[in-house]
Amino acid sequence: MGCTKFGEHWDRSAADLLVEAAVAAADSANIDIKDIDAFWLGTAASGMGGTMLSKPLKLDHKPVTRVENYCATGSEAFRNACYAVASGAYDVAMAIGVEKLKDSGYAGLAFSSPPGDGTDDPPTTPSLFSLVAPAYSARYGLDSEDMRAALTHIAWKNHRNGALNPRAQYRTEVSKDQIDRSPMVASPLRVMDCSGVADGAAAAVIVRADDSPKYRRDPLYVKGLALASGPGNGQMDPDYDYTTFDEVKRSADDAYRQAGITSPATQFAMAEVHDCFTPTELVLMEDLGFSERGTAWTDVLDGRFDLEGDLPVNPDGGLKSFGHPIGASGLRMLFECWLQLRGEAPPERSIASDRPFALTQNLGGGPGDCVSFVSVVGVDRSA
Amino acid sequence: MTRGLVAYGAYVPRHRLDVAAASATLEMPSANRGRRAVAAFDEDTTTMGVGAARLAMAGRTLPERGSLAFATSRPAYADKTNATAVHAALHAHKAWRCFDIEGTRAGGTALASALEGTGVSLVVTSDMRTGRPGSADELDGGDAAAAFLVADDSYGPLVAEFVHAYAESIEMMDRWRLPGHPSSDTSEPRFSYFAYQNVALDALDQALKEADAVRSDLTAIVASSPHERLRQRLTSALAHDGVRADPTVDGRVGFAGAADLGVRLAATLDRCAPGDLVACISIVDGVDVILLRATETPNGARTTSVADQLNDTGRSVPYTQFLTWRGFLDREPPRRPDPAPPTAPPSFRSTQWKFALEASKCRACGLRHLPPNSVCAGCGTVGHMTTETMASTPGFIRSFTVDHLAASLSPPVIRAIVDFDGGGRVRCEVTDADANALAIGDQVEMTFRLMYTTGTTHNYFWKARPVGRPNT
Numbered sequence: 001m002g003c004t005k006f007g008e009h010w011d012r013s014a015a016d017l018l019v020e021a022a023v024a025a026a027d028s029a030n031i032d033i034k035d036i037d038a039f040w041l042g043t044a045a046s047g048m049g050g051t052m053l054s055k056p057l058k059l060d061h062k063p064v065t066r067v068e069n070y071c072a073t074g075s076e077a078f079r080n081a082c083y084a085v086a087s088g089a090y091d092v093a094m095a096i097g098v099e100k101l102k103d104s105g106y107a108g109l110a111f112s113s114p115p116g117d118g119t120d121d122p123p124t125t126p127s128l129f130s131l132v133a134p135a136y137s138a139r140y141g142l143d144s145e146d147m148r149a150a151l152t153h154i155a156w157k158n159h160r161n162g163a164l165n166p167r168a169q170y171r172t173e174v175s176k177d178q179i180d181r182s183p184m185v186a187s188p189l190r191v192m193d194c195s196g197v198a199d200g201a202a203a204a205v206i207v208r209a210d211d212s213p214k215y216r217r218d219p220l221y222v223k224g225l226a227l228a229s230g231p232g233n234g235q236m237d238p239d240y241d242y243t244t245f246d247e248v249k250r251s252a253d254d255a256y257r258q259a260g261i262t263s264p265a266t267q268f269a270m271a272e273v274h275d276c277f278t279p280t281e282l283v284l285m286e287d288l289g290f291s292e293r294g295t296a297w298t299d300v301l302d303g304r305f306d307l308e309g310d311l312p313v314n315p316d317g318g319l320k321s322f323g324h325p326i327g328a329s330g331l332r333m334l335f336e337c338w339l340q341l342r343g344e345a346p347p348e349r350s351i352a353s354d355r356p357f358a359l360t361q362n363l364g365g366g367p368g369d370c371v372s373f374v375s376v377v378g379v380d381r382s383a
Numbered sequence: 001m002t003r004g005l006v007a008y009g010a011y012v013p014r015h016r017l018d019v020a021a022a023s024a025t026l027e028m029p030s031a032n033r034g035r036r037a038v039a040a041f042d043e044d045t046t047t048m049g050v051g052a053a054r055l056a057m058a059g060r061t062l063p064e065r066g067s068l069a070f071a072t073s074r075p076a077y078a079d080k081t082n083a084t085a086v087h088a089a090l091h092a093h094k095a096w097r098c099f100d101i102e103g104t105r106a107g108g109t110a111l112a113s114a115l116e117g118t119g120v121s122l123v124v125t126s127d128m129r130t131g132r133p134g135s136a137d138e139l140d141g142g143d144a145a146a147a148f149l150v151a152d153d154s155y156g157p158l159v160a161e162f163v164h165a166y167a168e169s170i171e172m173m174d175r176w177r178l179p180g181h182p183s184s185d186t187s188e189p190r191f192s193y194f195a196y197q198n199v200a201l202d203a204l205d206q207a208l209k210e211a212d213a214v215r216s217d218l219t220a221i222v223a224s225s226p227h228e229r230l231r232q233r234l235t236s237a238l239a240h241d242g243v244r245a246d247p248t249v250d251g252r253v254g255f256a257g258a259a260d261l262g263v264r265l266a267a268t269l270d271r272c273a274p275g276d277l278v279a280c281i282s283i284v285d286g287v288d289v290i291l292l293r294a295t296e297t298p299n300g301a302r303t304t305s306v307a308d309q310l311n312d313t314g315r316s317v318p319y320t321q322f323l324t325w326r327g328f329l330d331r332e333p334p335r336r337p338d339p340a341p342p343t344a345p346p347s348f349r350s351t352q353w354k355f356a357l358e359a360s361k362c363r364a365c366g367l368r369h370l371p372p373n374s375v376c377a378g379c380g381t382v383g384h385m386t387t388e389t390m391a392s393t394p395g396f397i398r399s400f401t402v403d404h405l406a407a408s409l410s411p412p413v414i415r416a417i418v419d420f421d422g423g424g425r426v427r428c429e430v431t432d433a434d435a436n437a438l439a440i441g442d443q444v445e446m447t448f449r450l451m452y453t454t455g456t457t458h459n460y461f462w463k464a465r466p467v468g469r470p471n472t
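Which chain is which? The protein sequence lines are A and B, in order. Read in the numbering used here, the first sequence has 122 at position 122, and its numbers run on one by one without any break. Read in the numbering used here, the second sequence has 388 at position 388, and its numbers run on one by one without any break.
One chain only, chain A, in its complex shape:
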């Protein structure tokens, strides 16, 4: 795998980032790019079509498929590339994702929609996810200070992790006080509850497990891959209460079943999850089965998901401080699993665990109307 730094790369184009990530991943796999059979390219808004990759890399008429699935685009590229080699259609595939969000000049994410009737004015993404916090508080009896403390801890944890990571967009620790006082964006979310807007790219080289010894002795194995695209009922069904993402639960259940995970709370060495906003990460802990319903907030405050905790979540800083170039994020999550499980993470953030599994969870869309990707990866082929 390969992964560029994420951040404001004013001086680097999408093509520049793609080349860097592709070369890094190919080198890491001890393979020449020209020996890769097929490519899956993930980008939400930074380009279209296969030539977006084949032109900068000067590929010799190889198949390149551009995919998009909102913020789960990077995972979507990975998923498709995996099926391509698993089916036997190709022997070596590359999944690569890129985004150049800082080229737009806008604050926050801005998606263009197809022509419409004007009744679905896309809300800002913070305003979508902000509804999760009061809903969770109301359902489980938290007062606003409890909720604020839990959200702040999540932001603080992810910034602390990112400070240890040379590839992250934001590499300074942020105090809890700074988080509590940051300006309001979409109540109750403040600036510090929101992930960064960044440029970046990441890539993976994928082969069938039987072929991996040709390339390296210490691959990462894909144990489970799942995607759930929900019916999008959240905004029209009064039964949806904004405290859960069914799509996450369903995709997690599917991936766990494939991988033979029976106790998600205790079988993972680490997890990379979609912390687009702090309340999202909170709820994900329950939807992924890491915490019982209604208790994730206390687990958070107890430090259970801190780097030194029993189940480190987002040890690389997460979307929050690593940044969220949409097309790359799902692959960046896998990149941390790649480093950590194979003992290549730098010592200041390396996780000592004998659990052989890691999880990535990548969300696209909003509460009640989203897609969710879950992967289970591991270093033990037989586990």
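Careful, some of the hints might be misleading.
To be verified - Just the calculated beta-carbon pair ranges, DEER-fashion: (1) B:Thr-453 - A:Phe-111: 18 to 24 angstroms; (2) A:Lys-58 - B:Thr-453: 43 to 49 angstroms; (3) A:Gly-260 - B:Glu-332: 52 to 58 angstroms; (4) B:Thr-453 - A:Gly-49: 30 to 36 angstroms; (5) B:Asp-338 - A:Pro-63: 33 to 39 angstroms; (6) A:Leu-301 - B:Ile-440: 20 to 26 angstroms; (7) B:Thr-453 - A:Lys-34: 50 to 56 angstroms; (8) A:Gly-88 - B:Lys-80: 56 to 62 angstroms; (9) A:Arg-342 - B:Phe-348: 56 to 62 angstroms; (10) B:Gly-380 - A:Gly-49: 32 to 38 angstroms; (11) A:Gly-49 - B:Asp-185: 55 to 61 angstroms; (12) A:Met-48 - B:Ser-135: 50 to 56 angstroms; (13) B:Asp-338 - A:Met-48: 20 to 26 angstroms.
Think of the hints as simulated: they come from the structure by calculation, not from any bench. Since the structure is predicted, the reported quantities are computational estimates derived from the model, not experimental observations. All C-beta atoms, glycine included, are put in the ideal place defined by N, C-alpha and C.
Using the hints provided, position chain B relative to the given structure of chain A.
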């Protein structure tokens, strides 16, 4: 067969501008100590017209055939008929003749023509008045709408019978505006007072004579003019004959252009007694006189009175915000993309949803779908939906957020999840609300609004608005 008003409704927007405070901002003296009504950034003459028409039509269904006259001096669009948007928002049958009448006089003439006509006629008068900052048109103007359902008594009981109408027209440079220009030119008021000096009283006397009546038969006068002095002159002259002028809107709305006569008439009808003879006199480019007699049910048809809407303290807007809303201050926007305009084919396909807030409802399980869908989210049944307009269904705030990032002429944007009585949910903006005072559980009603204008295209849809006393 008697003809008259079957129903009426007036809509006064919730925002107010303190005239003295605005004058002080401009370092101008002001004798006017009142407040004027201000249409919000998300209102225009079309949306206010819909507001008034819905109040008039509350609890009623429009017949399959009629005519809809939309009178305003500030149409949202030239070229395109604006009355058709009002017609669509009322979810009316297709066989209606909808047309716009333009000009400050248009409200009086539209009502008189409808009363003298035949068939069912919905007269919707609506206006937004302003001028250059500090002008009389700005500070003495007002934004409001009033609607009248006119028919003969075979349609239903009348709240006021039509007695007689009389009109005179004068070609005169009293006030004029080039289309698209932000303000009107006016002649010196003393010239206008001269030109109009006896016109209104003489016209009233002529109308009364033609109706075999005299001034002392009158109970109430409804006088409307862009010239406040002419209006007061007329009402004082008639006060000597014992004729009262309802004071409800004085100093609280401002001259509301094409809607002014209608709003004043609505306020008068709100307090009429059976048998009252009411003279409506509109003095613009001549004079229109309409004589009406209140019936046994003068107030039966009203849902929300003009006084109710004015007794709510209303939300005060700072003068700088008023100027921003009216386009006189081109403020720096946030770094967000311009919203995309609605395009014709999708808007055409979803006209009922966009203009009438029509949901689909599954015939198998009853689940309401906003926006409409052909596959049921509850039971999965395909293509077995019926339709249901939700515009008049009350709801409450299930959750909301105050969005400081979103681009708006009036940030922050309040986005809410609204659950409807009897089922159904929609995600929408909340308007006419104080973000600090809004709470989960607050009751809301749906209101037709201008979401934004992007380039040269308006985008209309529905928002939720707190009911009861507005938050100030």
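These are the hints, each one checked on the structure:
A beta carbon spacing of about 21 angstroms between Thr-453 of chain B and Phe-111 of chain A agrees with the range 18 to 24 angstroms that was offered as a hint. For the pair Lys-58 of chain A and Thr-453 of chain B, the beta carbons lie near 47 angstroms from each other, so the given range of 43 to 49 angstroms is met. As the Cβ distance of Gly-260 of chain A to Glu-332 of chain B is approximately 57 angstroms, the hint placing it in 52 to 58 angstroms holds. Range check, Thr-453 of chain B to Gly-49 of chain A: Cβ separation about 34 angstroms, and the 30 to 36 angstroms hint holds.
Checked against the hint of 33 to 39 angstroms, the C-beta distance between Asp-338 of chain B and Pro-63 of chain A comes to roughly 37 angstroms, which is consistent with it. Distance hint check: the CB atoms of Leu-301 of chain A and Ile-440 of chain B are about 25 angstroms apart, consistent with the given range 20 to 26 angstroms. Between Thr-453 of chain B and Lys-34 of chain A the C-beta distance comes to about 54 angstroms, which sits within the given range of 50 to 56 angstroms. Separated by about 60 angstroms at the C-beta atoms, Gly-88 of chain A and Lys-80 of chain B satisfy the suggested range of 56 to 62 angstroms.
The supplied range of 56 to 62 angstroms is met by Arg-342 of chain A and Phe-348 of chain B, whose beta-carbon atoms lie about 57 angstroms from each other. Range check, Gly-380 of chain B to Gly-49 of chain A: about 36 angstroms between beta-carbon atoms, so the 32 to 38 angstroms window is met. In this structure the supplied range 55 to 61 angstroms holds for Gly-49 of chain A paired with Asp-185 of chain B, their Cβ-Cβ distance being about 57 angstroms. At roughly 52 angstroms, the beta-carbon separation of Met-48 of chain A and Ser-135 of chain B lies within the given 50 to 56 angstroms, and the hint holds.
One distance hint, 20 to 26 angstroms for the beta-carbon pair Asp-338 of chain B and Met-48 of chain A, holds here, with the actual separation near 22 angstroms.
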